[in-house]
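A.B. asks: Sequence:
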Amino acid sequence: FSYAWVAALALVGVSEIFSTETLMAASAVWLVLLTLILSSSFGAFLMIRIIQGLRRAICKPWR
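All the letters of the sequence shown, read from the start, carry residue numbers 23 to 85 under this note's numbering.
Hints in this document: simulated from the structure, not taken from any laboratory.
As the structure is a prediction and not an experimental result, all values here were calculated from the model.
Any given hint could be a false lead.
[Unchecked claim] Simulated restraints, written as ranges between beta carbons of each label pair: (1) Gly35 <-> Gly75: 30 to 38 Å; (2) Leu55 <-> Gly75: 18 to 26 Å; (3) Gly35 <-> Ile59: 15 to 23 Å; (4) Phe67 <-> Leu31: 30 to 38 Å; (5) Arg77 <-> Glu43: 27 to 35 Å; (6) Cys81 <-> Met46: 16 to 24 Å; (7) Glu43 <-> Phe67: 28 to 36 Å; (8) Thr57 <-> Ala79: 19 to 27 Å; (9) Val54 <-> Cys81: 29 to 37 Å; (10) Gly75 <-> Glu43: 28 to 36 Å; (11) Trp27 <-> Val51: 15 to 23 Å; (12) Tyr25 <-> Ala48: 13 to 21 Å; (13) Ala66 <-> Val34: 22 to 30 Å; (14) Gln74 <-> Ala32: 26 to 34 Å.
Every residue gets a Cβ at the ideal spot worked out from N, C-alpha and C, and that includes glycine.
Starting from the given sequences, assemble the full structure and let the hints guide the process.
C.D. replies: Have a look at this one:
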């Protein structure tokens, strides 16, 4: 779940620092990295855990 926060903070930092053109290039790099991560079994397991953590945080914010 901490990985999701790190990724979110990194995306926010990139969007705050760089301009729109650089942000588009960075988003393309992020898509390539995500596909590489998803291609590995550990990456798929990590993404499943991140999605479950995000759904838990969104659906139950008071617990």
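A.B. asks: Compare the structure with each hint and give your call.
C.D. replies: Okay, the hints, checked on the actual structure:
Look at glycine 35 against glycine 75: about 20 Å separates their beta carbons, and that is not inside 30 to 38 Å. Checked against the given bound of 18 to 26 Å, the beta carbons of leucine 55 and glycine 75, roughly 19 Å apart, stay inside it. Taking the beta carbon of each, glycine 35 and isoleucine 59 are about 19 Å apart, inside 15 to 23 Å as hinted. Checked against the given bound of 30 to 38 Å, the beta carbons of phenylalanine 67 and leucine 31, roughly 22 Å apart, lie outside it.
Checked against the hint of 27 to 35 Å, the pair arginine 77 and glutamate 43 passes, with Cβ atoms roughly 33 Å apart. In this structure the supplied range 16 to 24 Å is violated for cysteine 81 paired with methionine 46, their Cβ-Cβ distance being about 32 Å. Between glutamate 43 and phenylalanine 67 the beta carbons are some 35 Å apart, a value that agrees with the proposed interval 28 to 36 Å. The supplied range of 19 to 27 Å is met by threonine 57 and alanine 79, whose beta-carbon atoms lie about 25 Å from each other.
For the hinted restraint 29 to 37 Å between valine 54 and cysteine 81, the CB-CB distance of approximately 31 Å keeps it satisfied. A hinted range of 28 to 36 Å holds for the C-beta pair glycine 75 and glutamate 43, which are about 32 Å apart. The given range of 15 to 23 Å is respected by tryptophan 27 and valine 51, whose C-beta atoms sit roughly 20 Å from each other. One distance hint, 13 to 21 Å for the beta-carbon pair tyrosine 25 and alanine 48, holds here, with the actual separation near 18 Å.
For the hinted restraint 22 to 30 Å between alanine 66 and valine 34, the CB-CB distance of approximately 25 Å keeps it satisfied. For the pair glutamine 74 and alanine 32, the beta carbons lie near 20 Å from each other, so the given range of 26 to 34 Å is not met.
Going through the hint list in order, the structure does not satisfy hints 1, 4, 6, 14.
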